[in-house]
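With chain A's structure known, arrange chain B on it following the hints.
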Amino acid sequence: MLKGIGVSKGYGIGRVVIATESDISYVSAENCDPAVERERFNKALEIFFDKNTKLAQKVTETVGEKEGEIITGHIVMMQDPYMRSEIEKSIDEGHCAEAAFEGVCNTFIDMFSSVDDEFTKQRAVDVKDIKTEILGILTGTETVDLSKLKKGTVVVAKELTPSMTACIDKDNVVGIITEIGSKTSHAAILARAMEIPAVLSVANATEELKSDEVVIVNGMTGEIIPNPTNEESALYLQKRLEYISEREALSRFVGLPTCTEDGIKVDLFGNIGTPEDAEKICEYDGEGIGLFRTEFLFMDRDSAPNENEQFEAYKKALLVMKGKQVIIRTLDIGGDKDIPYMGLKKEENPFLGFRAVRYCLKNTDLFCTQLRALIRASHYGNLSVMIPLVTGIEELREVKKLMKKIMQELDKEDIPYDKNIKVGVMIETPAAAIIADILAKEADFFSIGTNDLTGYTLAVDRGNANVAYLYSTFAPSVLRSIKNIIAEAKKAHIPVGMCGEAAADPMMIPLLISFGLDEFSVSATSILATRREISRWTKNKADEIAERIMSLDTEHHIVAELEKLTAN
Amino acid sequence: MVSKKLTVTNSQGFHMRPAMTFANAMGKYPCEISIKFNGSETNGKSIMNIIAACIKCGAEIEIVCDGEKEQEALNEAVKMIESGFGE
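One line per chain: the protein sequences are A and B, in this order.
If you read the first sequence in this note's numbering, its first letter stands for residue 1, the second for the next number, and so on.
If you read the second sequence in this note's numbering, its first letter stands for residue 1, the second for the next number, and so on.
Here chain A stands alone, though its shape is the one from the complex:
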């Protein structure tokens, strides 16, 4: 078995076709006639533009607009007047078209690769791709044509260039394996858009796998099984069919409202980490954002992002969501999430220490910059602020006080913002759960964070193998806590959501419906499955299950019973 990174989900089983790189070597000639070489180069460019304009159009139509733009990007790069003039300069010095062109390409490949930035590095792949293609045209070499493969082909290559991937006919290719590539490379993006299972970064794949042999591609785990046994083949064929039919079944839930079988409407939101993720939530038909973690903005850099940078990021998510609610959590740093420049000291008990709102209220400059960016962004959509790790009402009051001060400043500066911006509390500590009634009087909404709530309630570190068995959101203590939080929110007439993965758990869903949860916030890929789960239950049936479950006294019994009660 070989192993790589699964970058596009699904299971594929088929015969290997190795896409070898075509030989584009040439004999570099000196003292060429510049007029002849210029003419050759311009002809090659013409062919390149013609082919890629058509390809971009095809990809836009069959795969998607964004994917088509990858190819358009290649065209624009080759239209660069500076690049053209550099190539012409080199030709005028007597170099042949191939050498002049390759030399300039290599300069840019080196330049892009040396920048410490993933986006810029990826552009080096684009230039390499363009280079291979145009050198192919100049030298008259046939480049790999992936558009005419037999049905049931698994394409194996060292590296799939965007233009190669774009040529792939998704009806004939059941899997993609490459030696080079990551989740963010173009090949991965295109594979996902075409729904072809793909595993990249498989060492020596082009040597280990032989042409025409049968191979299984597991896009979930990144596993590659060459020459599978009959049993393995049968198993994965079955998995493939199940996966495809599941995907189709879920696609029927796109555009439907989220409600129980008897018509009780709930909100189904998504969790995100970057403003770009908001697009993914829309793609999966999420009705809002229940948790926007803002930590990413602060990570992988040397200093905190300034107000404008944050403002733009929040605004972007709001604009993508077009007026739907977006709940943004203020900086949740500390615990296991360290940011070097924040100067957090090593603590004996980081999870009980200086983190989240505690850190923010002690570092008000940093916190107010974030709050100001949030409040300014509220003008562009439906923004709510959520405070993490609250343990007492003072914390909520203090945050509100800071926000009020910022709003007064903005009024003076005539900067618009939403005056009714909602401020809610993330309920993730036993303290907050126990005083939910107190918090509900002043919070605009609750959102239950099940991961930390479970850990803190049970006093269990999930990462400690000796006690991890105790960690379960189905423990009677945690379930009672969740029930209590929701009940207190209802009493105070404020909405209550859940933004932990438990909200997507089919065994948890009937309990949450019975308790009266208003909003389920799950990862993008869980949205449709959660909508389907919710639609399976009536309030009565959910109440019956909840009553039975809440009468049980151990986690073990609860899980066993729920498995039975929620089975199809």
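A hint or two may mislead.
Chain A is faced by these chain B residues, among others (derived, beta-carbon under 8 Å) [what the hints assert, rightly or not]:
no.: 1; residue: Gly-27
no.: 2; residue: Lys-45
no.: 3; residue: Asn-49
no.: 4; residue: Ile-51
no.: 5; residue: Ala-52
Derived CB-CB ranges, DEER-like [what the hints assert, rightly or not]:
no.: 6; chain 1: B; residue 1: Pro-30; chain 2: A; residue 2: Lys-89; range: 18 to 24 Å
no.: 7; chain 1: A; residue 1: Asn-42; chain 2: B; residue 2: Ser-83; range: 32 to 38 Å
no.: 8; chain 1: B; residue 1: Ser-3; chain 2: A; residue 2: Glu-276; range: 43 to 49 Å
no.: 9; chain 1: B; residue 1: Thr-21; chain 2: A; residue 2: Lys-401; range: 51 to 57 Å
no.: 10; chain 1: A; residue 1: Glu-409; chain 2: B; residue 2: Pro-30; range: 44 to 50 Å
no.: 11; chain 1: B; residue 1: Thr-21; chain 2: A; residue 2: Glu-347; range: 44 to 50 Å
no.: 12; chain 1: A; residue 1: Asp-212; chain 2: B; residue 2: Ser-83; range: 52 to 58 Å
no.: 13; chain 1: B; residue 1: Val-78; chain 2: A; residue 2: Lys-58; range: 33 to 39 Å
no.: 14; chain 1: B; residue 1: Pro-30; chain 2: A; residue 2: Glu-295; range: 57 to 63 Å
no.: 15; chain 1: B; residue 1: Lys-5; chain 2: A; residue 2: Glu-295; range: 30 to 36 Å
In short, the hints are calculated from the structure, not lab data.
Please read all numbers here as calculations on a predicted model, not as lab measurements.
We put the CB at the ideal spot given by N, CA and C, even for glycine.
Just chain B, lined up with the frame of chain A:
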């Protein structure tokens, strides 16, 4: 020669699409256009050089236009950047 200092505010900075839009728009002007950033100067009509400059959100840059129609070019450049490339 005219110039203006400003801050890049759109979240993606000079990513592919903004770089494309910018270089294409600047290509229409006869004057020379450059972006000063981080102590170096980048040809504002060249998408390749713009990508290599790796200009991110929050970057302090200066647009310099020199030659025929320099003011018009500068105005359009500033407008594009300040509007966040319509992001």
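Hints versus structure:
no. : hint                                : result
1   : Gly-27                              : holds (6 Å)
2   : Lys-45                              : holds (6 Å)
3   : Asn-49                              : holds (6 Å)
4   : Ile-51                              : holds (5 Å)
5   : Ala-52                              : holds (5 Å)
6   : Pro-30/B with Lys-89/A: 18 to 24 Å  : holds (20 Å)
7   : Asn-42/A with Ser-83/B: 32 to 38 Å  : holds (36 Å)
8   : Ser-3/B with Glu-276/A: 43 to 49 Å  : violated (32 Å)
9   : Thr-21/B with Lys-401/A: 51 to 57 Å : violated (43 Å)
10  : Glu-409/A with Pro-30/B: 44 to 50 Å : holds (45 Å)
11  : Thr-21/B with Glu-347/A: 44 to 50 Å : holds (47 Å)
12  : Asp-212/A with Ser-83/B: 52 to 58 Å : holds (55 Å)
13  : Val-78/B with Lys-58/A: 33 to 39 Å  : holds (37 Å)
14  : Pro-30/B with Glu-295/A: 57 to 63 Å : violated (47 Å)
15  : Lys-5/B with Glu-295/A: 30 to 36 Å  : holds (31 Å)
Checked against the numbered hints given earlier, the structure breaks hints 8, 9, 14 and satisfies all the rest.
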